[in-house]
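Those protein sequences? They're chains A, B, C, D and E, same order as listed.
Our numbering applies: residue 1072 is where the first sequence begins, and numbers increase by one.
Our numbering applies: residue 126 is where the second sequence begins, and numbers increase by one.
Our numbering applies: residue 725 is where the third sequence begins, and numbers increase by one.
Our numbering applies: residue 1192 is where the fourth sequence begins, and numbers increase by one.
Our numbering applies: residue 5 is where the fifth sequence begins, and numbers increase by one.
Keep in mind the hints are simulated off the structure, nothing from the lab.
From a predicted model like this one, the values you see are computed outputs, not experimental measurements.
Even glycine gets a Cβ: it sits at the ideal position worked out from N, Cα and C.
Hints may be right or wrong, so weigh each one.
[Stated by the list, open to error] Residues from chain E that face chain A, not an exhaustive set, calculated with beta carbons under 8 Å:
hint	residue
1	Arg392
2	Phe402
3	Leu404
4	Ala407
5	Phe423
6	Gly462
7	Ile463
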Amino acid sequence: MILVLLILIPLLAAKLTFFSKEAAKNVALLGSLLTLGLSVYAALNCGTENLAPFALNWMPAIGAQFSLAADGMAAMLCLLTGIIIPVVLLINRNKAIDNPGAYYALILYSQAGLMGVFLASDALLFYFFWELALIPVYFLCSRWGGERRIPVTFKFFVYTFVGSLMMLSALIYLSLQTNGVNAMSLQNIVAAGKALPMMQQHIIFVLLFLAFAIKMPIFPFHTWQPDAYEQSPTQVTIILSALMVKMGLYAVLRWLLPVVPEAMAYWSDTVMTLSIAGIVYASLIAMMQTNIKRLVAYSSIAHMGLMCAAAFSGTELSQQGLMVQMFNHGINITGMWVIVNMVENRYGTQDLKKMGGLANTAPGIAIALVIISFANIALPLTNGFIGEFMLFTGIFQSASHYHMVFMAVAGLGIILGAVYTLTMVQKVAYGENNSGVLAVAKMNAAEWTAVIVLIVFIIVLGVFPQPLIDLIGIR
Amino acid sequence: MIQLAYLIPLFPLLGFLVNGLGWKSMPKQAAGFLASLMMLVSFALSLGVFFEVKGGAPDTIVPLFNFIQAGKLLIPFAFKIDALSSLFLLIITGVGFLIHVYSTSYMHDDEGVVKYFAYLNLFVFSMLLLVMGANYLIMFIGWEGVGLCSYLLIGFWFKNRDYTNAAKKAFVMNRIGDLGFLVGMMLVLYHFGTLSYNELFAQVSDNQAVMSGSTYTWIAICFFIGAMGKSAQLPLYTWLPDAMAGPTPVSALIHAATMVTAGIYMIARSSVIYNHSEAALHFIAIIGLLTALLAASIAIRQYDIKKVLAYSTVSQLGFMFLAIGCGAYTTAVFHVMTHAFFKALLFLGSGSVIHAMGGEQDIRSMGGLGKKMRITQATFFIGCVAIAGIPPFAGFFSKDEILAAAYAHSPVLYYAALAAALMTAFYMFRLYFLTFTGKFRGTHEQEHHLHESPIAMTFPLMVLALLAAISGFVGLPEVFSEHHALNEFLSVAVTNGVHHHLEHSTEYMLMGLSVTLVVAMILFAYAKTKKPDFQPNTGLAKVLENKWYVDELYNAVIVNPLLQFSSFLDRIIERKGIDGGVNGVGKLVRWGADRMRLLQNGQVGAYLFTMVIGIVLIFVIGLFCVTI
Amino acid sequence: MPIQYYLFLSLALFCIGVMGALMRRNAIIIFMSIELMLNAVNLLLAAFSKMYNDSAAQIFVFFIMVVAAAEVAVGLAIIVMVYRKVHSVDVNILNRLKH
Amino acid sequence: MDILQILFWLLTIMAIGCALGVVLSRNPVNSVIFLILTFFAISGHYLLLNAQFLAIVNIIVYAGAIMVLFLFVIMLMNLNADTEPQKSWLVQLAGVVSGGTLFLVIIAAISRANLLGVINTETSNIGLIKVLGQVLFKHYVLPFELSSVLFLSAMIGAIVIGKKDME
Amino acid sequence: MKAIIAATVLAILMMYAGFVVKEKKTILSIATLLLAVLLGVNIYELLTMQEGATIALFQYQLTITRFSVWFNMLMTAATLLYVLLMGNDIIKVGKHTGEYFALFFFILVGTYLLSSFNNMLIMFLGIEIISIPQYILAGSDKRNLKSSEASLKYLLMGAFSTGILLMGITLIYGATGEFNISKFSFLQMEYINPMVLTGVLFLIISYSFKISAAPMHFWTPDVYDGSPTPFTAFMATIGKTAAFIGFIRLFHTSFASISQSWTIVLAIITAATLFVGNITAVFQQSVKRMLAYSSIAQAGFMLFSVVSVSALSWQGLVIYGVAYTIATLGIFAVLLKLKDFTFDGFNGLAKKNPFLAGVTTIFIFSLAGIPLTAGFMAKFYMLQAAVRQGNLMWLVIFALLMAAVSAYYYFRVIIAMFFKTGEPEISELSGAQKFLLVLTALLVIVLGIAPQLLLPSGI
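If we strip away everything but chain A, and leave its shape as in the complex, we get (with noise of 0.2 Å):
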């Protein structure tokens, strides 16, 4: 029950948000809050009898189920969805916001859809949690976003659902494969899948990796994504890039590994290629960049580069790196867009250019993003360090022949990656007052608030990483 509720008050959340007209935003982060504490519950009983799975017969014709279980990795998905919409909501409040009923309903749309996506274990639904996690999102960007935020997010919506309609494919040809009967059960895809001859394998690899690498999204898959990030309001790119893009992943580890796992070892060292020339495509990219929404966006591209080859490199150790990592990258990257939106709030521009002097002004921010910065870049002792250390082992682990080239130019990454992120801050922070800012606000307590809650997970799990490995252990 406790796994409806998860999916349900954020639903029920939005609904009463969007007629909320003023206190829209306190309504939703109520609202989020409650789902925060049910996560949190989710979480602490994953394993046990309170989180046991929930099934519904729903479309019996077509075998389809309102199934819904969690495991570790299921539940870490939502406590991090659960800890990363608060914090959205808490940033941006002094902001004035358009009709903010529908902004914050949406957001928690978004929500319970990336709740159903982490907690469904028919296709059905899954494909069906997919799709109401993406369309809110699509609105949000098109309404609030920046200047060019209707070509752009047209594009991401177009692509992403170029790539869920194969996933479709994929799905109801597995389905067919069954005996009938909860034809889209996670159990029955997974046997069908794995009965399937070769050849078979290969297609439905293709067309569920195809919707799963533009979600991630890895090289050369990525292009709506630099651009969706910078156009989005910063509240929904964090959305989008801590918790969308692990649907991706999470997708592979769950509807893509376990279904077909000839094809997975046939293609993993192709797909390893991609997402490691990916890491440092995409490293090499972001030192070019001077808008700073854009630079955080090809990091990120960077990052799921190494959690995506990490999944595909077969060791259990990348695996559990891969989901530690999924979890810390969560946050990272929303500490990173958080000072990012101050920053743009403050400055009132994208452009690394005019930025400049933040420590002067304001360095309370300074400090969270260097402390953000170090996360983003696996400092030891933060959580960025535990989450890539067992992605590099793992990968390094791997039985393809290729492994330690892999890991030497992932590698690369780390040191590009320190280049571009430290490029940013000196930009973002240090240097002389930039001229056309004299008075930069500090920071207000709700957005204090939101980086120390980041700052703590980022240094708690940094030195006591093994909850959350404990926590995805759980099968």
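Position chains B, C, D and E relative to chain A; hints supplied.
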């Protein structure tokens, strides 16, 4: 006592937390006092630990908690206390304490002093983790932690863009090395399944036969790449001279005494592995020697007081790696220790000078400072003597041991190293003479301002001078005493490689040769600086002044091509290629729509016509292409 | 008389009808061409009726005629309506609806 | 070659010739006349095929009623060859070619058929009015009724379309 | 059978009502009432039929099954919904209001025939009974030359396709000597008679015309664009679905055994239809014309039901037909409220009238196949049927790519409504209309969550 070793890093951490969290409200004096106090406590604890170890306490693992436990991967957060780490503890906390004390005065006027002490404490904490960790991962944590602090402290005066550039450069170059370290760790994990020193070294000693030599070589080289970054060896040394952008005590602590020697510590720690790879050792020896020569040659022609010291540090680090390359790990550690004392001394002395000069660092504007700054002059002189290798000062013993090891290894190494040592003597005394003797060459204002530093600054100078003078005796060579105290102390933790024994007569001969030549060099330096003229350099001198154009070379060969390549990727591949492709599909669809639309031209005749053609096509496909 | 003869004849008529529909601009002539197509079908049905000795096909022909008559009634009404507006039955000038 | 065959060929030539006349003649009135002639030829074929009733109906309904309707409309509109717009010869050629291609393709397809046989020349009584009547009202009463529905709708249509809207 | 008779009788009643009653509103009420009666008759017929029963009438010229009655019921209900949604606009079209409604009844008769014919003659008559009223409806706005032009184009091409249909029927008859579609015995033949194949192709072509599949689709945009908008809505939905039921009935009953010889052709037609419909729709400026192209595209999807010969395809057709019909009717109902039919006419609708924008979004989502709407489940069933067929994976993927293209033009409406600014002119919505629009939108969502409502057991 040893079981309480975790307290040693805890106090600096505490200092960091208090100063770091209270950076807004902390009074300046309190911050410095607190930080120094924490260091003092740590130092006291370290002393306790050291003497316990010296008193024969066995190697101890101090476990704290399980850091990462996932599947087969188990990495505990634990400390290892043995001779090596206890020695380093002593150096770090001792020198660290002195420099903290020095800083309370030196940084007195800076607005960011609370932040400064927070960083400094954080640095000590990280450095302690580095040397105390019981496995490579903990070492790596410290390793990157000190890199972080180095970054923060180099860029301490963040308003200056050059300083922050230097900070960034330092961090990135360190990261390159760190990647090597990381790969090394991966290799260790892959082959041995553990990162813990005890388990790893036990495995290495047990089943030598299982692993091929190249495995060890790869691991060793990878670790050494890490050391190259951190300890500023060729080709990753260029960050260290730039790192002088930080406050001078920082240069003393981080970029001379402690952090840069982390590479030595790591290799000494991994001596078991290195002993399995001759190739790696040769490689290290060559790199070390080249670094020593190159840096020394650059130092000859530098005019910035801190730059001279920085290149000297690089050069001395080269010496240490040369020692390691010759299999003499303990000698390297010995030199680390002596170097920590005299180089910290020299840096702090230069800090004192800079303090007096009101921030001026160019020795061309100095001269004759000795008259106003007696203590500084005296201690600086001791430092110079020590580094130049005049007996019985500390540098003589450690350097001589290195030269001896090099000679035992190969006379070629020896002569090259000797050349570097002579250059050292030359540039150090050139610096000394230009700074402290002769006439003052700066402005009147500066001359008026000249004064001896306060006691908080001179006290550490004196202590360090004392140490620089006498610390060499812990490593009296065997020709002078029955046993080598330091070697024996370290022998439990560090296994030296094959040791070529030199005849005592040879050793005497070598010592004599080097001392004679060094003295000659000092005289030469005196002669050269008697009447300084600072004409623009030409020829080789110009090349040296411009640091062999290495930075320019890096820019031309690596940085700029990389930037151009990135720009190419960004502008052409990303925007035109991939994004253009994606958008191109959209454009194609729209273009197609525009064309297809024209088919619908409103003419019934045309519609019928197209339909008939369609029908014909359908018949052709349906009747002739489909085989039934 | 082989059935092919009738088949060919009626297909020929059918295709002449198609040609007429393609070649002419006069809506009435196009409509007549289509009537020709229907008649071709009728003829073929009659031939098959004879071949199978089955009167059902002939019944079918009646219905085709009925439908044709109905279509012609409506069709001519439409053509007249158009003619009233544009004073022409040229299909080529009727292209307000396009693209 | 018996008389029936001669008749067949004569009627065939007449039908095709007149059909071509429908398509090719410039004057719409001529087209109508040619079409009526074609219908006569086809009626002749019906007679050959023992579909006497059909032949009569064809003449009465098609040639008599429908074609007269056409003729009326053409006369009403006062269309003649001079005002009749022609398509360009290229379009006409294309029409001929594609129509011809269609014919060839279908013929090529069907000529592979192993057709069931020949039409026997014996007279049969399936085309007699009595037989047809019986079949129609026994078996095909539903379509018969439905055709009245069809007519009803066509009638409504003719009214809706034909009546002038006075607004 | 009761429904057929009732529809005919009601059509005649309606016709006379049109003569007698002059007040248009009254005629509308009468039409609504009569449609309700017809729906009642349909439901009664459904209820009185036993499960699994097949009623053969008139020497197997009609075979009425529960499925066909169910389908008839749905179509009648859709027509009722249509009249309710757009009645006020229908009566504005021309003078002959009563006749228009009578024509709807006639079209329903044709629909009933197509859902249960068992003889090609009945099929032919059914198609004609559907087509001829549509020619008339297209031309019913006599003040507007476009309407007349649409009507003439529709007529000429429709008659042409009738010729083709008849040629097909004749060739099939020539090969088999049968008009009864359940008696063709192709399986007994050693090889397929090319004449049969030619006939089948002719039939495919003429049905392609009726359902506006490429390359016979050319009439569609022009006719839909030119016809009075309420009638376009009807032709694009119920008229088209009715043609589909005839298509699937003929092909799955008679030609299933030789499916491998025609599925490939039909698959190519499907692909071409999807391509033409979706690609051409991209560049349209008028929403009405875009919907015309989109109806081509949707026909492409519906063709999956014919291409994939399985029991699923019938279900898929019902779901798709209904889902598509409801959503399209909804869109047209909204469109009729706007003065400007171009995309720009929708600019800023969300600000001006959030209610209309909201329901439009749901309809658009359904057409684009976004989950939780009926349109998604419809596409899902179609794809499932096609995937099950086995050899059509390429077509499935192509169709999905085209579905993504369709998102492009459907979402232009959403972009215009929500993200652009403008002052759309909207006519007032009455409470009843609001209620009906909400009902329609709800239907879309309910069917998206529980599509099995459209396929009760025993159908």
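Unsatisfied constraints (hint numbers, rising): Result: hints 2, 6 and 7 break, sorted rising.
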